[in-house]
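In order, the protein sequences belong to chains A, B and C. Residue numbering for the first sequence follows the numbering used here, beginning at 1 and increasing consecutively. Residue numbering for the second sequence follows the numbering used here, beginning at 1 and increasing consecutively. Residue numbering for the third sequence follows the numbering used here, beginning at 1 and increasing consecutively.
Hints in this document: simulated from the structure, not taken from any laboratory. Misleading hints may appear alongside valid ones.
Derived DSS-like pairs (lysine-lysine); straight-line CA-CA distance at most 25 Å [claimed, not checked]:
no. : chain 1 : residue 1 : chain 2 : residue 2
1   : B       : Lys179    : A       : Lys11
2   : B       : Lys179    : A       : Lys105
3   : A       : Lys147    : C       : Lys168
4   : B       : Lys369    : A       : Lys49
5   : C       : Lys168    : C       : Lys237
6   : A       : Lys25     : B       : Lys496
7   : A       : Lys147    : B       : Lys369
8   : A       : Lys11     : B       : Lys369
9   : C       : Lys237    : A       : Lys105
10  : A       : Lys11     : B       : Lys84
11  : A       : Lys90     : B       : Lys84
12  : B       : Lys84     : A       : Lys147
13  : A       : Lys49     : B       : Lys391
14  : B       : Lys391    : A       : Lys11
15  : A       : Lys25     : B       : Lys369
16  : A       : Lys49     : B       : Lys252
17  : B       : Lys252    : B       : Lys84
Among chain A residues calculated to face chain C with C-beta under 10 Å, some are [what the hints assert, rightly or not]:
no. : residue
18  : Asn4
19  : Trp8
20  : Gly172
21  : Ser173
22  : Phe211
23  : Tyr218
In this text, a Cβ means the ideal position worked out from N, Cα and C, and glycines have one as well.
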Amino acid sequence: MNLNLYVWRQKGPNAAGKLHHMQAKNISPDMSFLEMLDEVNEELVREGKESIAFDHDCREGICGTCSQVINGVPHGPQERTTVCQLHMRKFKDGDSIYIEPWRAKAFPLIKDLIVDRGALDRIIQAGGYTSCHTGGVPDANAILIPKPDADVAMDAAECIGCGACVAACPNGSAMLFTSAKVTQLARLPQGRAEAARRVCVMTEAMLNEGFGNCSNHYECQAACPKGIKVSFIAKLNREFIKAQMS
Amino acid sequence: MILDGKCPSGPLAQKWDNHRQDMKLVNPANKRKYRIIVVGTGLAGASAAASLGELGYNVDAFCYQDSSRRAHSIAAQGGINAAKNYPNDGDSIFRLFYDTIKGGDFRAREANVYRLAQVSNSIIDQCVAQGVPFARDYAGYLDNRSFGGAQVSRTFYARGQTGQQLLLGAYSALSRQVKAGTVKVHTRTEMLDLVVVDGEAKGITVRDLVTGQVSCYAADAVCLCTGGYVNVYYLSTNAQGCNVTANYRAYKKGAFFANPCYTQIHPTCIPVSGEHQSKLTLMSESLRNDGRVWVPLKKGDKRPPHEIPENERDYYLERKYPSFGNLAPRDISSRAAKEACDDGRGGGPGGFGVYLDFADAISRLGEDKIRERYGNLFEMYERITDENAYKQPMRIYPALHYAMGGLWVDYNLESNLKGLFVLGEANFSDHGANRLGASALMQGLADGYFVIPYTVANYLAMTKPGAITTNHPEFEKSRQDVENQTKKLLSINGRKTAKEFHRELGKVMWEHVGMERSEQSLRRAIEIIPGIREEFWKNVTVTGSGTELNQELERAGRIADFLEFGELLARDALNRNESCGGHFRVEYQMPDGEAKRDDENYSHVAAWEFKGVNQTPEVHKEPLVFENVHLGIRSYK
Amino acid sequence: MNMATASNGSTCSCLKVLDNPVAKKLLMALTGFGLVGFLFIHLIGNMSLYAGPGGINVYGQALHALPPVVWAFRGAMLLLFVIHVWLGIKVTLENQDARPTPYARREYLKVTFASRTMIWTGAVIALLLIYHILHFTVQMLYPDTAANVLKDALGRPDVYTMVVASFKKVGIALLYVVWMSAITLHVSHGFHSGLQTLGLASEKTLPLWTRLALCVAAFVFIAYTSIPATILAGMVK
Ligand SMILES: Cc1cc2nc3c(=O)[nH]c(=O)nc-3n(C[C@H](O)[C@H](O)[C@H](O)COP(=O)(O)OP(=O)(O)OC[C@H]3O[C@@H](n4cnc5c(N)ncnc54)[C@H](O)[C@@H]3O)c2cc1C
Ligand code: HEM
Ligand code: HEM
Ligand code: SF4
Ligand code: F3S
Ligand code: FES
């Protein structure tokens with residue numbers, strides 16, 4: 001099939017960018033979305049033009065590197081699916097496809113579809129860990145963890161740090177990402193000790209990195225490729241209240 | 001040259017403890033005077049950087065991704081082994097050691113493997129303390145499953161995302177050190193050269209992938225944790241960015257490359273769907289616990305699977321290996337699948353796939369149970385193939401997956417170049433000729449958390465901190481070399497894209513150096529590859545400039561190294577006149593097609609020394625001595 | 001809120017707690033619900049209008065019988081309102097600042113009209129509230145119908161006549177309907193948003209709260225609008 005792509009091209013952070021119209025010719029429905037872009041890029045390079053810069057690595061939906069807003073939805077039309085796992089059979093011959101980068105003040109654009117998501121790392125660095133030392137920890141079974149807690153912690157831990165929640169949120173808020181880590185650690189005995197401090201410093205970091213506040217638009221959950229739930233945001237809020245009471 | 005693995009003397013079980021007593025320590029007050037470079041932030045790199053930073057060293061960590069959390073360790077699905085023996089099913093440190101040695105077809109160092117088994121338990125404790133949400137039973141205890149042909153349940157797992165959870169654990173420990181200021185992480189930064197001064201590794205040269213800036217970093221020790229090289233086959237289960245560049249440039253600077261021909265092919269991957277294919281997706285091995293593998297009995301039987309009656313199906317694994325059946329080791333099941341397909345009995349479009357059928361399991365356990373166990377995998381399978389594996393059998397085919405070979409290191413994980421340490425998949429140390437499932441994650445973390453902190457100290461204690469700085473001429477020279485290569489690549493302006501060359505190389509590697517290798521196929525490869533290489537340097541086209549983010553340039557640089565490395569891999573395979581583990585030479589097999597080892601002549605590590613681009617490298621041997629295990633014939637019948 | 005910091009390390013150290021994104025939202029939710037509460041109290045009072053002059057006029061007088069209570073109440077309400085408005089504006093500005101470049105093409109999956117327009121519905125509420133107070137409390141807008149001027153038979157300020165007379169004017173009635181619509185929209189998002197902010201929502205309850213929010217909003221709209229509506233329709237004379 002043939003497609004009309006409208007791709008955001010921007011040479012660098014300070015250069016002006018705009019949507020470029022280009023054709024993707026005889027695309028197979030079995031291709032992944034990124035393989036379709038590979039084809040387009042091969043063509044561009046053969047013509048001596050610069051290829052479209054886009055982030056990707058594992059191509060199996062787990063590393064969280066790929067990041068494109070397709071037709072106005074981060075990671076595109078398929079629910080709970082990253083761009084790299086999206087396949088062309090979801091599109092029809094002759095479709096127009098708009099491809100844009102994540103957009104948020106906290107994610108400065110680097111080139112074309114690539115943005116800098118270091119702000120998410122810095123939120124984790126603020127306190128998204130348990131301060132245990134290498135070695136000198138108790139036996140893994142010394143502290144029992146009720147299955148429900150372990151399961152919820154795992155649900156939250158599935159976050160791949162892609163930033164689609166931020167890209168989707170009208171406020172460019174990283175609340176879903178942050179709440180996932182806060183919930184994971186708050187649900188485990190190993191994380192409880194620092195829970196109060198953690199929720200405070202991580203939400204502060206969110207502000208300092210220039211992310212917006214959460215207005216409970218719930219758009220993030222709809223865009224999240226891993227089905228991270230806004231109920232974790234409520235959990236974060238509870239943890240915050242607890243922290244203020246303590 | 002005969003290489004010395006520097007294994008400590010004494011009884012196996014005490015080697016590591018004794019060695020730890022003998023090794024020197026660095027006085028706490030002096031630690032911060034030492035600078036250590038860690039290239040790679042996967043399980044091995046992140047755990048090493050975090051642990052070293054916590055000890056007080058100054059650590060610079062590097063990765064090519066935009067975040068240290070995205071290293072390819074993240075993709076590991078199945079699980080991680082440990083000799084905890086929680087299920088009380090007869091596991092022990094010795095059994096884990098033995099299974100790993102045997103799984104590696106007796107081509108690994110006893111001492112290393114035993115140490116791996118010893119520290120395996122501490123890894124699980126460490127991860128749990130970090131908040132890794134391993135699967136648990138209703139009583140709140142950790143759950144285990146049997147994995148990759150093991151007869152005990154020693155595999156710990158976190159749904160289908162064990163690697164992700166372990167890496168995020170290590171990443172959180174690393175983040176804590178970044179906050180503490182002991183570690184600086186340089187993301188989107190690619191190592192393009194190792195700087196060696198008087199035979200010791202003293203720094204690296206990197207390219208900032210955002211600005212294109214080429215610069216040097218000096219340090220008192222360098223740790224390479226840069227992962228595996230199977231992308232030399234173009235199609236593999238590895239991430240797009242996985243490369244041999246860091247390792248290969250170190251090799252070019254004098255580090256020996258050990259057993260490059262030991263590559264692992266994973267039996268359960270989603271088959272290729274066309275020329276456009278950019279990577280192959282693994283379906284966790286755990287699927288083989290409930291799925292039955294079969295192909296049609298008749299050649300060229302193109303009927304859809306459900307129309308093929310029971311009596312016209314060949315459950316070849318169950319037939320050939322009654323005791324292990326569908327759980328036969330990776331190399332065995334992979335070859336069996338290829339045989340069937342080459343025999344014209346493959347299923348699905350193109351005929352390069354075998355069926356992994358859950359019908360029986362579903363009728364036995366019910367669809368819900370299966371969904372609970374493999375839901376996310378079935379989902380992933382449907383996304384990619386548009387087929388519902390609850391209703392029709394999965395189509396699977398073997399794919400390149402793991403590199404057992406890597407830079408040669410001694411018992412201290414130090415290469416023949418002093419001060420250069422190599423961890424994780426990047427080294428060759430623990431898996432011999434074939435890696436058992438769930439043991440790579442174990443090795444990466446063992447190296448990073450529990451081995452390197454001791455062995456690096458031992459080296460540093462004997463070196464003066466900050467003795468060498470980037471003002472040393474070697475650094476300038478290295479920077480020049482790197483910039484020249486960049487300029488060269490940009491100036492060729494040929495007609496073929498780097499990717500086309502990669503595809504071409506991949507085809508050669510798969511056909512001639514793949515699952516089944518023969519003297520003549522290998523000679524063929526060694527003939528063809530230099531040709532492709534030559535054309536590459538005449539006819540590749542790389543658009544854009546070197547002073548900006550340029551993914552074409554990054555790719556071209558990596559492929560340039562693969563084009564040399566592929567030949568080395570083939571040479572090693574040709575040199576090893578036996579079949580063992582992942583290395584199968586058609587000339588050397590049992591009547592029943594089993595791998596035929598030659599312990600007389602090949603019970604050694606082959607470590608290659610670079611002699612110049614179109615020169616034949618020199619092979620050095622490290623004899624493997626087995627004092628504690630009997631070299632049995634690996635039989636899974 | 002607990003401002004003690006570093007000491008127990010448990011709260012937001014370097015930042016004034018009020019700058020914390022979650023703290024801000026908590027305050028908005030609390031004040032917001034305070035205002036919702038007022039809506040209901042005030043509604044009860046207004047309903048006495050249906051009891052005829054005897055009703056609301058008594059209520060009006062009772063209300064003013066104890067000035068200290070009245071002023072305390074007014075003070076409290078004013079405080080809630082000011083905090084809520086101030087934070088609402090602050091939060092909205094921050095949010096707009098966090099997303100400088102818009103998407104060329106945007107597809108919303110969950111965002112609602114109400115959730116996107118909180119600041120505007122809020123603004124309408126504020127403006128018309130001022131009008132409302134000048135109209136019914138200060139009574140300087142339409143002196144001819146001011147309750148304090150035309151007293152009822154018992155010499156009480158004739159709130160009843162004031163209200164009825166006002167809403168007989170189509171323009172004023174419509175203005176109030178507009179006002180109510182703004183409040184309805186605002187509360188239809190604010191109510192469940194507030195519960196989520198206060199951490200009172202879970203995967204199971206959140207969908208219930210969103211529905212409940214619609215009911216509450218609808219109720220507020222119907223109950224309040226009924227007054228100008230019935231008067232305009234001549235059902236209350
Ligand atoms: C799909 C899949 C599933 C797997 N499942 C399992 C399993 O279930 N159990 C198991 O035990 N093992 C499994 N493995 C194997 C295991 O995941 C890997 O062997 C292991 O994670 C390797 O970790 P590492 O730290 O050595 O390398 P990696 O995790 O690959 O990290 C490499 C690091 O080096 C960096 N790097 C590479 N080159 C450069 C350069 N030139 N400059 C700068 N930085 C560089 C990268 O940025 C990255 O940070 C699986 C592997 C794959 C591919
Ligand atoms: C049709 C709807 C309404 C009617 C008929 C109405 C009627 C009145 C009347 C008669 C008064 C004067 C009471 C007195 O001082 O004797 C009053 C005061 C007031 N009303 Fe309303 N009201 C309506 C809707 C609202 C709404 C929706 C709000 C809030 C958003 C509101 C907020 C106020 C406030 C703050 C005062 C001042 C209270 C005080 O005197 O301190 N009113 N209203
Ligand atoms: C009758 C009067 C009002 C009531 C009952 C009310 C109620 C609420 C409630 C319950 C919330 C939800 C808080 C949360 O999301 O946690 C809210 C949010 C909000 N209110 Fe009000 N409010 C009123 C008036 C106003 C006014 C006058 C303004 C300012 C102009 C305003 C601006 C806002 C804004 C901007 C939000 C959204 C904050 C966010 O982004 O989450 N409100 N309101
Ligand atoms: S919460 Fe979901 S969308 Fe946000 S970063 Fe994590 S995985 Fe991505
Ligand atoms: S979309 Fe944004 S407003 Fe909150 S609920 Fe999600 S972060
Ligand atoms: S490329 Fe890894 S998640 Fe898409």
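Now the hints, each set against the structure:
In summary, the hint linking Lys179 of chain B to Lys11 of chain A is not supported, as the alpha carbons are separated by about 32 Å, beyond the 25 Å threshold. The suggested pairing of Lys179 of chain B with Lys105 of chain A holds, with an alpha-carbon distance near 23 Å, which does not exceed 25 Å. Straight-line distance between C-alpha atoms of Lys147 of chain A and Lys168 of chain C comes to about 65 Å, which puts the hinted pair past the 25 Å bound. A threshold of 25 Å between alpha carbons decides the hint, and for Lys369 of chain B with Lys49 of chain A the separation of about 52 Å lies outside it, so the pair is violated.
A hinted pair counts as satisfied when its Cα atoms are at most 25 Å apart, and Lys168 of chain C with Lys237 of chain C qualifies at roughly 9 Å. Between the alpha carbons of Lys25 of chain A and Lys496 of chain B the distance comes to roughly 19 Å, so the proposed pair stays at or under 25 Å and holds. With a C-alpha separation of about 17 Å, the suggested pairing of Lys147 of chain A with Lys369 of chain B holds against the 25 Å cut-off. Restraint check for Lys11 of chain A and Lys369 of chain B: not satisfied, since their Cα atoms lie roughly 51 Å apart, outside the 25 Å limit.
Only pairs whose Cα atoms come within 25 Å are accepted, and Lys237 of chain C paired with Lys105 of chain A is rejected, the gap being roughly 57 Å. Among the hinted pairs, Lys11 of chain A with Lys84 of chain B is inconsistent with the structure: their alpha-carbon atoms are about 54 Å apart, more than 25 Å. Simply put, Lys90 of chain A and Lys84 of chain B have alpha-carbon atoms about 46 Å apart, too far for the 25 Å limit, and the pair is violated. Taking the CA atoms of Lys84 of chain B and Lys147 of chain A, the gap is near 20 Å; set against the 25 Å cutoff, the hint holds.
Distance check on the hinted pair: Lys49 of chain A and Lys391 of chain B sit about 46 Å apart at the alpha-carbon level, beyond 25 Å; violated. Restraint check: the Cα-Cα separation between Lys391 of chain B and Lys11 of chain A comes to about 48 Å, which exceeds 25 Å; the hinted pair is violated. Between Lys25 of chain A and Lys369 of chain B the CA atoms are separated by roughly 43 Å; this puts the pair beyond 25 Å, and the hint is violated. Our distance criterion of 25 Å between C-alpha atoms is broken by Lys49 of chain A and Lys252 of chain B, whose separation comes to about 33 Å.
Only pairs whose Cα atoms come within 25 Å are accepted, and Lys252 of chain B paired with Lys84 of chain B is rejected, the gap being roughly 41 Å. A cut of 10 Å between beta carbons decides the hint on Asn4 of chain A: the least distance to chain C is about 13 Å, and the hint is violated. Hint on Trp8 of chain A holds. Least Cβ distance to chain C is approximately 8 Å, under the 10 Å limit. With a least beta-carbon distance of about 4 Å to chain C, the hint placing Gly172 of chain A at the interface is held under the 10 Å criterion.
At its closest, the beta carbon of Ser173 of chain A sits 7 Å from a beta carbon of chain C; the interface hint therefore holds under the 10 Å criterion. Given the 10 Å rule on beta carbons, the hint for Phe211 of chain A holds: about 6 Å separates it from the nearest Cβ of chain C. Checking Tyr218 of chain A against chain C by beta carbon gives a least distance of about 4 Å; that is within 10 Å, so the hint holds.
In this structure, the earlier hints numbered 1, 3, 4, 8, 9, 10, 11, 13, 14, 15, 16, 17, 18 are contradicted, and the remaining ones agree with it.
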